[in-house]
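Using the hints, position chains B and C against chain A.
First to last, the protein sequences are chains A, B and C. Take the first sequence: its position 46, counting from 1, is numbered 46 in my numbering, and each next residue is one higher. Take the second sequence: its position 59, counting from 1, is numbered 59 in my numbering, and each next residue is one higher. Take the third sequence: its position 327, counting from 1, is numbered 327 in my numbering, and each next residue is one higher.
For the record, the hints were derived by calculation from the structure and aren't laboratory data. Where hints are given, some of them may not hold.
[What the hints assert, rightly or not] Below, a list of computed lysine to any residue pairs in the SDA-like style, where the Cα atoms sit at most 20 Å apart:
#1 A:K85 x C:P7
#2 A:K85 x B:I62
#3 A:K85 x B:A55
These numbers were taken from a predicted model, which means no experiment stands behind them.
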Amino acid sequence: MLRSYLPALVFLAIGGILALVFTYANTLLGPTPRKTVKATYEPYESGLPSEVKRTFRFGISFYMIAMLFLLFDVEVIFLFPVAVKLREFGTFAMYEAITFIGLLAVAFVYVWRRGALSWR
Amino acid sequence: MSIEWYLVVSAMIFCIGAGGVITRRSPLVTLLCLELMLNAGNLALIAFSRMWGNAEGQVFAIIVMVVAACEVCVGLGVIVAMYRRRLPIDVDDMRELHG
Amino acid sequence: MIAATGPHIDVEALSPLLALTGGGLVVLLVGLLRPRVVREVLVPLLALASLAAALGLAIWQWDADEEIIAGALRVDTLALAFTAFVIVAAAITVLLSWRAVAPREAAHGEYYAMLLVSAAGMSVLVQAQNLVSLFIGFELLSVPLYVLCASEMRRSSSLEAGLKYLIIGSVGSATLLYGLALIYGATGRTDFAAIADALNSVGGPVSDPLFLTGLALSVVGLAFKVSVAPFHQWTPDAYEGAPTPVTAFMATATKVAALGVIIRFFDVALINAQPDWAPALAALATITIVVGNVGAIGQTSVKRLLAWSSVAQAGYMLAGIVVGTQHGIEAVAFYLAAYLVMNMAAFAVVVARARETGLGDAIEALEGIGQSKPLLAWPMTIAMLGLAGIPGTAGFIGKFFLIDGAVDGDYAWLGIVIVVGSAVSLVYYLKVVAAMWMRPAPRSVPVLAGGAVDDPPADAPAGPRAAGGEVTLVAVGCAAGPVVFGVLPGPLFDIARDAAAAMSHLF
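Isolated chain A, as found in the complex:
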């Protein structure tokens, strides 16, 4: 009976080890900065300020990237039904998926060449 909890235990152990590795691998492997800036002590060095003031505003670039992420992220939903029923539909589903990914690739090339991915 207790054996059925074994996977959960293994999962917990792996999770804990991973957390420790991620926390300390940086200090072991990463370069040590010569001088520390204010952001070094923030939880997320390259993200938003951890303490958001009332007057804080997002830069426009955040919105641009967020919009593009939203679009590409949500479109992947169409691959889900294909993945579920791939075996039953066989090559037809594969062709459909390839066409769809090709269309996404066109969108990606367009977004990239228009420079919407470069951070301003």
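Same frame as chain A, but now just chains B and C:
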């Protein structure tokens, strides 16, 4: 659980969204309320799909999710363009087109 | 495991749609190339080529009558005729946009690709045979149009029009979606034919409150999209703020597509519930005719005037759908074609005068062009008289068919409303005609290059410039349509009859 409860919840979400679109002034909140309205439709579709035991409603709901994302992106894009031009981001202040 | 097979994809029947979407992709990618000549000449030419290909393929498929992609779309003469109308409108829009400000600001590739995708959405819409494809078609039509509306990014009124159209259009979509969800809930199917069967069955859901609520919400959602009163308030604002070629496209092609889908939705899926929706639709048509014609009277901007007039015209055409007969659909198809060319002629003149005078779309820009610019004055005159329904133009014949259809379908009072509405509409249509022929050109208006404009509207383009030959060509070409079909309605009438014959279950 019977289908009525799902429908009641979805109708309430739809009304909250519609009310928000009418009363809120910020276009961002208006977009949020539009999402509520669309997702109320989604909830109803999924509930009916379960009730009838066919997948047509689920297929519809998946498509609606993508459509909603597209609408919001275009909306955000227009708002960003207005912000860059330092236009008032307030629906009530848009008086240039007297309507 | 059940061996499922994918739906059969009939590439031939799908070809007009493929030409439009494929053209959109190609235009989008070619628009990325650097050289100026590629962007300003090659891109619009490619857009025109893909439209021409789509038109050719639609004519090639003319007599088709089949359901494709597992019953999602239906390709028949009605769908192909309406697709052809949309393609013609899109091609004219490309010509009007050739030297316009909007494509330059929005990047040429993007602008024309949006136009093509929107046309593809309209084509999906008029072929829709399923609630899902109906919704996809509507969104594929609307979302590019929101972008196109806002495409003159340096002009604040364009952005404002885009945002207003987006918000109100999305409210319409959400309402429509909720209505469709309830109809699906009441009948259990999304397929139009299956819905019709479910409604026809004994003890069916025709009087089920769930179904009736869904029907009401769908009508409201569709009314938002077609700008039927009392859901029309966004129309004048969006039409005025949008770049004029885009306005022309919205006023014509969107109406074609929306009326096309209303025909399919109501006269195929919901035909057995006709006693439920016909009175509601007739009431909406009446309100629309009254509100549109009254609203147009006081307008000083030609674009706003045409916006209100398009509201009224949508009301006339709804009358042909209310009766639910082949005769009514025939009249709608005929009138749509006439309406399309007349409006395009009017918008071409507005584009030309806005470029020549710097007065924008005010009626003053048209004053006195009867003497100085007969090539612009005559098309506008014909368009205005045609829209008012003066005998000798296709507008008169179209209205005659509509009234005939209404009387035939026991809606004689709706015919009377159309007549009264047309009489009222003469007030504002003739105001435009009088401005062109009976008033002198105002002195402050520089006719062509140079000259100071007294008080240019804030949003007017930088300065007066030549209108461009292609705009005059569009104006004259489109104005020839109502005259030719007014005298010889035969060919257009045949098209309309073929289209209506596709709805063979009606009588």
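Evaluation of the provided hints:
{"no.": "1", "hint": "A:K85 x C:P7", "in the structure": "14 Å, holds"}
{"no.": "2", "hint": "A:K85 x B:I62", "in the structure": "15 Å, holds"}
{"no.": "3", "hint": "A:K85 x B:A55", "in the structure": "13 Å, holds"}
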